[in-house]
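Participant: Those protein sequences? They're chains A and B, same order as listed. Counting with our numbering, you get residues 1 to 114 for the letters of the first sequence. Counting with our numbering, you get residues 1001 to 1116 for the letters of the second sequence.
No lab work stands behind these hints, which were simulated from the structure alone. Just so you know, not all the hints are guaranteed correct.
[To be verified] One-sided excerpt, in silico: chain B residues whose CB lies under 7 Å from chain A:
| no. | residue |
| --- | --- |
| 1 | K1041 |
| 2 | L1043 |
| 3 | I1045 |
| 4 | I1056 |
| 5 | S1086 |
| 6 | F1090 |
| 7 | E1097 |
| 8 | Q1098 |
| 9 | R1099 |
| 10 | P1109 |
| 11 | G1110 |
[What the hints assert, rightly or not] Over the 10 Å line for every Cβ pair with chain A, so calculated as not near, a few chain B residues:
| no. | residue |
| --- | --- |
| 12 | P1008 |
| 13 | N1050 |
| 14 | H1073 |
| 15 | N1075 |
Where is the CB? At the ideal position from N, CA and C, for every residue including glycine.
The lines below spell out each chain.
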Amino acid sequence: RKEVEQDPGPFNVPEGATVAFNCTYSNSASQSFFWYRQDCRKEPKLLMSVYSSGNEDGRFTAQLNRASQYISLLIRDSKLSDSATYLCVVNILHGSSNTGKLIFGQGTTLQVKP
Amino acid sequence: DTAVSQTPKYLVTQMGNDKSIKCEQNLGHDTMYWYKQDSKKFLKIMFSYNNKELIINETVPNRFSPKSPDKAHLNLHINSLELGDSAVYFCASSQDEQRTLSDTQYFGPGTRLTVL
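Take these sequences, add in the hints, and give me the full structure.
Facilitator: What follows is the structure, encoded as structure tokens:
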């Protein structure tokens, strides 16, 4: 079983649509959670951190359910520029110095159409 | 004024060759990383250095040897390249050892390695 699982998609949606991505993680020791965005042939960039109580940043809302080991990302009013791959990422602390290690999901591809 | 830079951007080479990829960050971060993204798009950590000291070493063949001459640089040397080494290699840096939610990793543009 993969440590971080996402539906790879692609999700094809019209402009203005609301779309939700889900992610599950297997390691209950995961400490912190993020969504990264990766454009085609580019590097990943942090989209938003995911707080325990959920958080919103403009059109983007992230939720965390630790009991179910589940993370979600909601995008409202989709724009053409939202087309990208969205990577679910968990951070696991390990070793005597509690060094963090990011574990990436495979990513979910979003294509927003005019 | 690129934050994390890598060279070269593209690398095409024959099996069996030895090659190096260089990475530099000008963010003043203490921790640097190498990741490999394969053809299925999985991004996996290979190594992490904090202040020139190796802190994460995943199950990577010992043909891969990272070197950190100072905390702003982390280079990756690969010996005896194999077909399966073809991938995109990303360098990244963070202020600290990614212990907290607020510690963000910044990625370089990637080096696309093709082994023929």
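Participant: With reference to the structure, classify each hint as holding or not holding.
Facilitator: We went through each hint and held it up to the structure:
1. K1041: With Cβ-Cβ at 6 Å, under 7 Å, it holds.
2. L1043: Cβ of L1043/B sits 4 Å from chain A, so the hint holds.
3. I1045: OK, holds: I1045/B within 7 Å of chain A, min 6 Å.
4. I1056: 6 Å, holds
5. S1086: Result: violated, 15 Å to nearest chain A Cβ.
6. F1090: Given a least distance of 6 Å, the restraint on F1090/B holds.
7. E1097: At about 4 Å, which falls below the 7 Å cut-off, the nearest Cβ of chain A leaves the hint on E1097/B intact, so it holds.
8. Q1098: At about 3 Å, which falls below the 7 Å cut-off, the nearest Cβ of chain A leaves the hint on Q1098/B intact, so it holds.
9. R1099: 5 Å, holds
10. P1109: 5 Å, holds
11. G1110: With a minimum Cβ separation of about 6 Å from chain A (threshold 7 Å), the hint on G1110/B holds.
12. P1008: Answer for P1008/B: holds, closest chain A Cβ roughly 15 Å.
13. N1050: 8 Å, violated
14. H1073: Correct as stated: the minimum Cβ-Cβ distance to chain A is 18 Å, above 10 Å.
15. N1075: About 18 Å separates N1075/B from the closest Cβ of chain A, which puts it past 10 Å; holds.
Against the hints set out earlier in the document, violations occur for numbers 5, 13.
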